[in-house]
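Chemist: Top to bottom, those sequences are chains A and B.
Reading the first sequence from the start, the letters are residues 1 to 455 in the UniProt record's numbering.
Reading the second sequence from the start, the letters are residues 1 to 309 in the UniProt record's numbering.
No lab work stands behind these hints, which were simulated from the structure alone.
Backbone N, C-alpha and C fix where the C-beta goes; we use that ideal spot for every residue, glycine too.
There's no promise every hint is true.
[What the hints assert, rightly or not] Only pairs whose alpha carbons sit at most 20 Å apart, straight line, appear in this in silico DMTMM-like list of lysine to aspartate or glutamate:
#1 B/K278 to A/D250
#2 B/K269 to B/E256
#3 B/K98 to B/E256
#4 A/K419 to B/D102
#5 B/K131 to A/E217
[Claimed, not checked] Here are some chain B residues the structure puts well away from chain A; computed CB gaps all over 12 Å:
#6 I62
#7 G66
#8 E161
#9 D169
#10 Q180
#11 E204
#12 S219
#13 K226
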Amino acid sequence: MVSNQETGVNYSIELSTLGLNRRDSDEVEKEDEEEVPTHLNTINSSGGFLVVSTDKLSVQYTSVNLHGHDVGVIQANCPAPSRRLVYYFEIFVKNAGAKGQIAIGFSSEHFKMRRQPGWEANSYGYHGDDGFLYRGQGKGESFGPTFTSGDTVGGGINYASQECFFTKNGELVGKLYKDVKGPLYPTIAVHSQNEEVNVNFGQKPFVFDIKAFALEERLKQQMTIEKISLPLNVSHGIVRSYLIHYGYQDTLNSFDMASRSTLPPIPVAQENGSTEQGDGYALGHRKILRQLIRSGDIDAAFDKLREWYPQIVQDDNSTICFLLHCQKFVELVQVGELEGAVRYARVELAKFFENASLVAILKTCVALLAYEDPSKSPVGYLLGMGQREVVADAVNAMVLSTNPEAKDSLSCTRSHLEKLLRQLSACCLERRALYGGQGEAFHLQRVLQNVKGGK
Amino acid sequence: MTEISGLLVPGLRRIFRRFQKNATSKLPEAKVVAGNRHRKPRIRYSLIWKTALKEGIVDSLIEFHGFERSVVISLLLIVVDQLGSASKKVITREEWEKKLNDVKIMKDDMNKLVMNYLVTEGYVEAAERFKMESGTEPHVDLATITERMAVKKALQCGNIEDAIEKVNDLNPEILDTNPQLFFLLQQQKLIEMIRNGKTEEALEFAQEELAPRGEENQSFLEELEKTVALLAFENASDCPVGGLLDISQRLKTANEVNAAILTSQSHEKDPKLPSLLKMLIWAQNQLDEKAVYPHINNLSTAMLEDPAI
Chain A
1 MVSNQETGVN YSIELSTLGL NRRDSDEVEK EDEEEVPTHL NTINSSGGFL
51 VVSTDKLSVQ YTSVNLHGHD VGVIQANCPA PSRRLVYYFE IFVKNAGAKG
101 QIAIGFSSEH FKMRRQPGWE ANSYGYHGDD GFLYRGQGKG ESFGPTFTSG
151 DTVGGGINYA SQECFFTKNG ELVGKLYKDV KGPLYPTIAV HSQNEEVNVN
201 FGQKPFVFDI KAFALEERLK QQMTIEKISL PLNVSHGIVR SYLIHYGYQD
251 TLNSFDMASR STLPPIPVAQ ENGSTEQGDG YALGHRKILR QLIRSGDIDA
301 AFDKLREWYP QIVQDDNSTI CFLLHCQKFV ELVQVGELEG AVRYARVELA
351 KFFENASLVA ILKTCVALLA YEDPSKSPVG YLLGMGQREV VADAVNAMVL
401 STNPEAKDSL SCTRSHLEKL LRQLSACCLE RRALYGGQGE AFHLQRVLQN
451 VKGGK
Chain B
1 MTEISGLLVP GLRRIFRRFQ KNATSKLPEA KVVAGNRHRK PRIRYSLIWK
51 TALKEGIVDS LIEFHGFERS VVISLLLIVV DQLGSASKKV ITREEWEKKL
101 NDVKIMKDDM NKLVMNYLVT EGYVEAAERF KMESGTEPHV DLATITERMA
151 VKKALQCGNI EDAIEKVNDL NPEILDTNPQ LFFLLQQQKL IEMIRNGKTE
201 EALEFAQEEL APRGEENQSF LEELEKTVAL LAFENASDCP VGGLLDISQR
251 LKTANEVNAA ILTSQSHEKD PKLPSLLKML IWAQNQLDEK AVYPHINNLS
301 TAMLEDPAI
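Turn these sequences into a full structure, and let the hints steer you where they fit.
Modeler: Next comes the structure, spelled out in structure tokens:
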């Protein structure tokens with residue numbers, strides 16, 4: 001069938017995302033790095049009404065206020081970072097001045113810098129003189145207590161629930177739905193003589209326990225998730241089909257045996273007979289091929305493939321042959337037969353240099369020759385068991401794709417578990433994208449890393 | 001059905017987008033229904049499917065794929081309706097599959113997940129084999145699973161004394177630092193005595209071992225009273241507290257002990273896989289609020305299904 005050829009092509013794309021490029025956890029971390037507010041933006045502030053200290057972390061209202069358009073407003077030097085669960089900052093009211101018209105909140109980039117946050121569209125503000133919350137219009141709503149000299153007030157954004165929240169002296173005052181979707185700047189305002197405020201962007205410990213708040217939010221979400229009920233024994237069935245899919249036959253046998261004797265008896269996955277048979281396609285062969293590749297005996301694996309599935313290896317230019325040849329080369333390097341490796345590369349690998357999609361992998365393999373101690377080189381991972389596993393998985397997938405009952409080749413090369421995890425990741429990524437990239441990124445690895453640590 | 005709608009959606013989306021654009025720029029082509037001042041202009045969906053008919057989307061389906069005209073048209077109506085339903089983003093199967101392919105899933109991570117399941121659920125031998133076959137490290141001493149499972153089995157069979165001994169062999173701190181758990185085991189021991197008709201022995205045990213603990217803790221006392229009440233009935237399993245004699249009480253005790261042992265080994269007490277499956281259901285529900293896209297509804301087949309029409 002022609003589809004085999006196609007599978008080969010598909011699979012080579014697949015491989016580039018699988019094991020050949022090793023995971024780079026730094027990359028994952030970097031993705032989430034964002035600029036964090038550290039000081040007040042003195043360029044964009046409402047000149048004349050307030051004075052900013054030299055460290056750019058406190059402001060004072062110096063004139064006498066006359067009307068609603070002489071507010072001393074100042075924003076942070078950059079918007080609140082959004083690729084996280086929560087953002088939070090605090091102000092300390094050093095002096096409530098003549099009228100105590102101090103406000104804390106968030107505003108968008110083009111906020112009118114002479115108005116209180118919350119009075120204009122795309123801004124939110126919690127005001128000290130009346131304790132009201134203002135969100136985008138001149139009229140406020142009762143929200144929390146007033147605040148004055150000696151109080152510490154905080155403003156935060158919870159990206160998971162898309163809410164803003166405010167605190168006073170370490171206690172949560174209240175929250176509101178955040179309808180502004182774009183970036184928001186931490187904003188403070190002073191509006192009567194001698195009002196003085198210090199701002200804390202995290203350079204000092206916060207009065208409010210933001211870590212506990214974040215943890216609680218996380219737990220809340222976890223509780224919601226844990227409450228969802230699953231069909232009986234569904235995990236058992238998924239593990240079982242995983243073992244079948246990858247040809248881990250010994251594991252499968254003891255898994256089935258133990259399942260039978262478990263008290264109370266767990267009915268062994270009640271899938272209907274036909275799918276089970278389909279999934280178990282060529283299980284024995286796949287097990288043997290995996291064992292051969294894992295033991296580094298590529299020649300024997302080739303022989304078996306030629307005997308059992310000649311259609312897979314008949315085209316010596318195919319991706320799967322390339323992978324096996326590469327592995328053979330790696331194995332030769334492994335045992336120190338460098339001359340043999342070079343000879344083998346000239347005969348079997350040279351032709352693949354013309355294949356654009358494979359040349360990168362090939363170059364990495366050949367790079368092994370450049371090092372005196374290849375196992376300690378940057379490409380040393382190729383010599384590990386992990387690489388054998390990758391090749392074994394590729395061969396396994398190819399054998400599965402020869403199953404005449406397989407509906408479509410791509411789908412049968414993935415285990416149920418893999419499909420479920422892909423769907424999970426895609427849903428989380430898509431949802432975050434639809435929220436403008438706000439909130440924590442979903443990383444399967446992070447979820448899994450919690451597996452080991454305990455706690 | 002799904003095949004037709006899959007073919008219909010891309011073409012219709014193009015038309016839909018065009019209308020949307022026109023609606024906002026107020027071109028005459030789109031007759032916008034002026035709604036509430038604060039709401040976005042709505043588009044009359046009949047215009048979309050009429051355009052779709054005019055532009056031959058339906059005809060090409062009938063011609064090239066041999067579907068029945070009536071089927072295609074009724075589906076067309078449904079799909080248009082769905083495209084317009086709220087402001088949900090519609091993601092076609094093709095687009096979604098591309099997203100699925102872009103996800104990086106490491107084999108190593110899946111192996112770890114499976115190993116975690118085998119270890120936590122106590123499949124010792126399978127975990128050993130899996131280590132051999134896949135090279136995945138279990139990150140716990142597999143021998144301790146064997147012991148943990150032995151404890152579980154003893155509890156399930158009602159050999160409480162045996163179980164307590166085994167737990168103490170594993171790590172005496174487990175019961176020393178957890179009076180609640182120790183009481184639960186003692187209570188189970190009392191239940192087993194009553195079940196076996198050893199009334200005198202049970203009374204003695206209750207008075208000497210359990211009563212002093214009840215004095216320390218109100219909830220222990222209540223549990224003790226409940227348990228001793230079993231003795232007052234001739235047919236204990238039919239009495240109001242008969243539930244204690246149920247097999248589920250044994251399983252409850254066994255699970256508590258199992259969890260405590262796992263915690264003492266700084267291992268999570270539940271396997272990660274079920275949580276991830278729940279997370280998948282949750283994530284799909286969450287995304288439903290914002291988008292229409294292919295789902296996995298049946299976890300055991302992992303089949304990708306087109307959105308319900």
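Chemist: Decide if the proposed pair is consistent with the structure: A/K419 and B/D102, CA atoms, cutoff 20 Å inclusive.
Modeler: holds (12 Å)
Chemist: Quickly compare the C-alpha distance for B/K131 and A/E217 to 20 Å and report which way the hint goes.
Modeler: Between B/K131 and A/E217 the Cα gap is close to 37 Å, so the pair fails against 20 Å, i.e. violated.
Chemist: Run the C-beta distances from B/Q180 to all of chain A and say if the shortest one exceeds 12 Å.
Modeler: Non-interface label on B/Q180 holds, nearest chain A Cβ at 20 Å vs cutoff 12 Å.
Chemist: Holds or violated: is the Cβ of B/K226 farther than 12 Å from all Cβ atoms of chain A?
Modeler: holds (24 Å)
Chemist: Test the statement that B/D169 is away from the interface with chain A: the closest C-beta pair must be farther apart than 12 Å.
Modeler: Given a closest Cβ separation of 21 Å, the condition holds.
Chemist: Examine each Cβ of chain A, and state whether all of them lie more than 12 Å from the Cβ of B/E204.
Modeler: holds (30 Å)
Chemist: Between the alpha carbons of B/K98 and B/E256, is the straight-line distance 20 Å or under?
Modeler: Violated: B/K98 and B/E256 sit about 44 Å apart, past 20 Å.
Chemist: Need the status of pair B/K278, A/D250: alpha-carbon distance at most 20 Å?
Modeler: violated (29 Å)
Chemist: Please confirm whether B/G66 is truly not at the interface, meaning its C-beta sits more than 12 Å away from all C-beta atoms of chain A.
Modeler: Consistent with the label, B/G66 stays out of reach of chain A, its closest Cβ about 21 Å off (over 12 Å).
Chemist: Does B/I62 really sit off the interface, with its C-beta more than 12 Å from all C-beta atoms of chain A?
Modeler: Holds: least Cβ distance 25 Å, greater than 12 Å.
Chemist: Please work out if B/K269 and B/E256 have their alpha carbons no farther apart than 20 Å.
Modeler: holds (10 Å)
Chemist: Over 12 Å from every CB of chain A: does B/S219 meet that, or does the non-interface label fail?
Modeler: holds (24 Å)
When each numbered hint is compared with the structure, violations occur for hints 1, 3 and 5.
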